[in-house]
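Please model the complete structure; the sequences and the hints are all you need to start from.
Chain by chain, the residues run as shown.
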Amino acid sequence: MALRKLATALLAAAALGLPGAVQAQQNDGTQFMLVNAYWTGPFAAGGSAFGGGMIDYYRMLNERDGGINGVKLSWEKCETQYQNDRIVECYERFKGHNGGLALFHPMSTGGAYAVLERAQKDLIPVITIGYGRTDASDGRVFPYKFPMLTNYWSQNTAKIRFMGAQEGGMDKLKGKKIANVYLESAYGKETIPVLDEQAKRYGFSVQHFAVAAPGLDQKAVWLQIARQLRADWVILRGWGVMNPAALKEAERVGFAREKIVGVWWSGSEEDVVPAGDAAEGYISAAFNGSGTHFPVIQDVIKHVYDKGNGELPRERLGQVFYARAMVWAIISAEAIRDAQAMFGKRPVVGKEVQQALEKFAMTPERVKKLGAEGLVPPFSLSCKDHEGGAAVRFQQWKGGKWVPIGDWVAVDKDMVRPMIEASAAAYAKEKSLTPRSC
Amino acid sequence: MLEMIYLDPLFAIEVVVSGLLSGIMYSLVALGFALIFKASGIFNFAQGAFVLFAALTLVSLIEGALFGVKLPLLLAAAVTLVIMVVYGMAVERLVLRPLINQSLIILFMATIGLNFFTEGFAQMLWGAQVKRLDLGIPEKPWEGLRLATGITLSVFELVAAAIAGVLVLGLTLFFSKTTTGRALRAVSDDNQAAMSVGIPLQHIWAVVWAVAGIIALVAGMLWGAKLGVQFSLSLLALKALPVLIIGGFDSIVGVIVAGLIVGASEKFAEVFVGPYFGGAIENWFPYVLATVVLLIKPQGLFGEKIIERV
Amino acid sequence: MIYRESGQFKTSYAADQAMFPIRQDRIFIALLLVAAVAVVPVVVSEYAIRSILMPFLILSIAAIGLNLLLGYCGLISLGTAAFMAVGAFSAYKLATGIPDLPIVLNFILAGLVTAVVGMAFGLPSLRIKGFYLAVTTLAAHFFVEWTITKFGWFTNYSPSGVISAPPLDVFGIAIDSTTEKYWFVLAWVLVLAVLAKNLVRSSVGRAWMAVRDMDVAAAVIGVPILKTKLLAFAVSSFYCGIAGALYVFAYIGTVEPQAFDLNRAFQVLFMVIIGGLGSILGSFFGAAFIVTLPIFITLAAAPFGGQIPAEVLSNLELIIFGILIVFFLIVEPLGLARLWQIGKEKLRLWPFPH
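Protein chains in written order, with my numbering: chain A, 1 to 438; chain B, 1001 to 1310; chain C, 2001 to 2354.
I should point out that these hints are in silico values taken from the structure, not numbers from a laboratory.
Fair warning: there could be bad hints in the mix.
[What the hints assert, rightly or not] In silico DSS-like links for lysine-lysine, alpha-carbon gap of 27 angstroms or less: (1) A:K401 <-> B:K1140; (2) C:K2150 <-> A:K431; (3) A:K384 <-> A:K121; (4) C:K2010 <-> C:K2344; (5) B:K1297 <-> C:K2129; (6) A:K121 <-> A:K431; (7) C:K2197 <-> A:K429; (8) A:K429 <-> C:K2093; (9) A:K200 <-> C:K2150; (10) A:K401 <-> A:K368; (11) A:K368 <-> A:K413; (12) B:K1070 <-> A:K398; (13) A:K368 <-> A:K121; (14) B:K1070 <-> A:K401.
Pasting the structure below:
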């Protein structure tokens, strides 16, 4: 009975405590950053690196420079478990926190869709770097959405160009068979239209293979690819456990890993290490470099880890996911720096960051000054183009390391842009929006 | 052209045989469920999380999580075994004993709570990183067979199948030959009656949970070596469920037979029927198959028949 | 003292059959209603309405639905999330296909579509019992998830499979602000809860309970098993379908089929079990508990954010959630509704407990 009393008391405390728990707060003089990530759930291996890496960078800025132009950064973490409703809850909980969100990373393609309209109304820019809704690259229809660097469609054009180059010219792709192995989700399905379009243009055939989430067992798919279709190339569009499982199956059915090209969500250490030898030779795309040799990561080690304040085990520092978190944090911080240049050296709000982002330019000089040469590719945004269309790099897993192959590959903007504009126009029509003119 | 490929008998055989091997891997996970259900009538949803916990513990010990000492595989497995046995018994003591005599659905929900706890506990202790587990068994195709027939079967899965076979044989012997095993069967038939003839119920249950922990370790080792040790191992429970149900919840042999049926039919359906619907039917196909089997035999293929009286 | 029912006599059949026979209960419910309709939108922060009250109310509907099936008719279903998905996507198809359809009618139609789907997947319940049935409802879950993901027709051929709800309006009045959406959802909750409460007190409800307690015996006394079980599935799915439609139209706005994954089904099942099987009020308690618990744990953990790495903190939240679930099941397996009842009985004697 004592237990029952305790239970009742807990409930009563809960009922009393909840209503006033969260309210909009006044700014305390710091720039508030929300670190939205997933430390638990099926994709925690990636999420913990993203969340930890971004916190590390913000902490380093505070330690090394005293924040951005003297404005210290403050942050809160929010656990999303990679679930859309929790992402929305995080957004709602923190949108007015400490003066309000200056920008929001949903950290999942589905989440990006879910907060799109809310953020538009609240004037908070939604930043998705390397993921998220592709057609939002059209800034005229989506003023508060920034799918930066390279979207999925652009990335895909680079991938086909890479394959063409490997075959010895784009004309050699004619008659080739490409299998698109994708995770059955918003993220996985997104490239089907652009692949079909490219197949028409270059004369190769493409067959799509859906893998039901989470993709623990893909034997059937790989048997079809290797023994029935006998594909020339495979595009692997996986996430989480699906990637090592795919590589293992590929080895089992004897499909050459050198002919598998993964997207950048299939190209981290977490995707290949569990597959062991099966991953040797596997190729993946990347929008960022990796390693600890970049001056900016050295600064993180010096100012954060050497003082014992790091979020992650040290051995994860040079890995692909960590480097990606650095890219996200750097771009976020630089967007705030630009907004400060336009509106004054104080904590900025979403509306101001949006204006700064539409003029955002990551020039090669700026990248160098940040100590991130080779880590962040140069790109620039405009009111019309919220993507930037940065080049894509390819890397191969060799002897326990990602080794870059060749140079950065430019994306085919001429092909993707009309598709984006058509899709965005359809969205605008459905929602009866009038696109901005710019 | 396509039709001709579809009719290739060798390819069909290859699909079915690899399906059978996949099925055995599911059976390994399902065994843990069946064991606990047989002994206590509890549907332990946390079994998947147990697999994750066992695999993570093992690989962390190998990598030197304990005082920085890198344990060799066998020693690490032994230590993990002890940990799993203790964990299983603790679960019995702290979660299930207080819930004794509650309805099945309450017990089921408690194991879902336990599932959350175990997932969180395992990852807090050992981290969320994906880790590699190398048992030294190659995943390569079996060359001799490939050269002779063109069929590729993985050595790893053949070994796994053998291990599963040994496990089933051992459990069957345990249930039919040992005193504890017989006591277990008595308990599963009617725990009131078993208690009245002097079988120590709680002692028996502790044994069962400990054994379930051991099975989780074996499944965790094999699946961990296959996919890497990571959170998704706990999702294996969903793959094991239809196997469990087709076999009948409380039959050890049933689990193996059902595993073979599910594995083979699922792969066959995905390769030969799936393309007509755009594929990825593997998630629901086993469940629909299970429903069909249940409509014919409501307690599964090998489940004990329940006779209802008014 | 205040909660004393002596002196209240039932002098008519109507009074005897009233939903809340005790005057104090009626006053309490009336006050609660006034508070929910008028006070909450003024006092409670926008965040709490949008992220706590809305999911609470919407999932309460699903919990009532499942409770009708599980608590009253004794049929275990893990298909709740799938039925919510059917409701959500039917409402979306109806809204985009027939833009002039009034939203209330749309939702009712979506609910009916879900009811039909629910009945189809409820058919095996005639032969399959207990946990076996639970697993066959998983067949419904995975099949529905696959169908919606696979066939572009359900999402109007959106390349990513994500749907975005058109704006809401009821008889020409746009439902746009948080408060309006809250009222809209609240109205559905009230109507459906009253309906459920009356349904379980009617002959239908008694037939369900007879089947739950022992279906062979129920058949012997003349309860048509097929009709009763299928009706339970139909009504339950209808509730889930409406909950799904509200989830998209009034709460999240944009969903992909994966929003209704198996965790959602477990979440609703937890609400029913923790709230109390066979209690409409319990469904609300359970929904409140399960929706607020994770947020609570997060808030309670927030002050430690600086000292503990985020990774440990997140897993700690999961651990505490698991422990609390097991704890409540051990302490009160009959659910929060039972605690409520005990509280009421204590109050009846207060301040003279002996």
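Tested hints:
1. A:K401 <-> B:K1140: At roughly 22 angstroms apart (the allowed maximum being 27 angstroms), K1140 (chain B) and K401 (chain A) satisfy the hint.
2. C:K2150 <-> A:K431: Answer holds: K2150 (chain C) to K431 (chain A) is near 24 angstroms, not above 27 angstroms.
3. A:K384 <-> A:K121: Given that 27 angstroms is the threshold and the Cα spacing comes to 20 angstroms, the pair holds.
4. C:K2010 <-> C:K2344: Cα-Cα ~20 angstroms, so holds.
5. B:K1297 <-> C:K2129: 11 angstroms, holds
6. A:K121 <-> A:K431: 14 angstroms, holds
7. C:K2197 <-> A:K429: Measuring from Cα to Cα gives roughly 44 angstroms; hence the hint is violated.
8. A:K429 <-> C:K2093: 17 angstroms, holds
9. A:K200 <-> C:K2150: 23 angstroms, holds
10. A:K401 <-> A:K368: 25 angstroms, holds
11. A:K368 <-> A:K413: Measuring from Cα to Cα gives roughly 26 angstroms; hence the hint holds.
12. B:K1070 <-> A:K398: 25 angstroms, holds
13. A:K368 <-> A:K121: 36 angstroms, violated
14. B:K1070 <-> A:K401: 23 angstroms, holds
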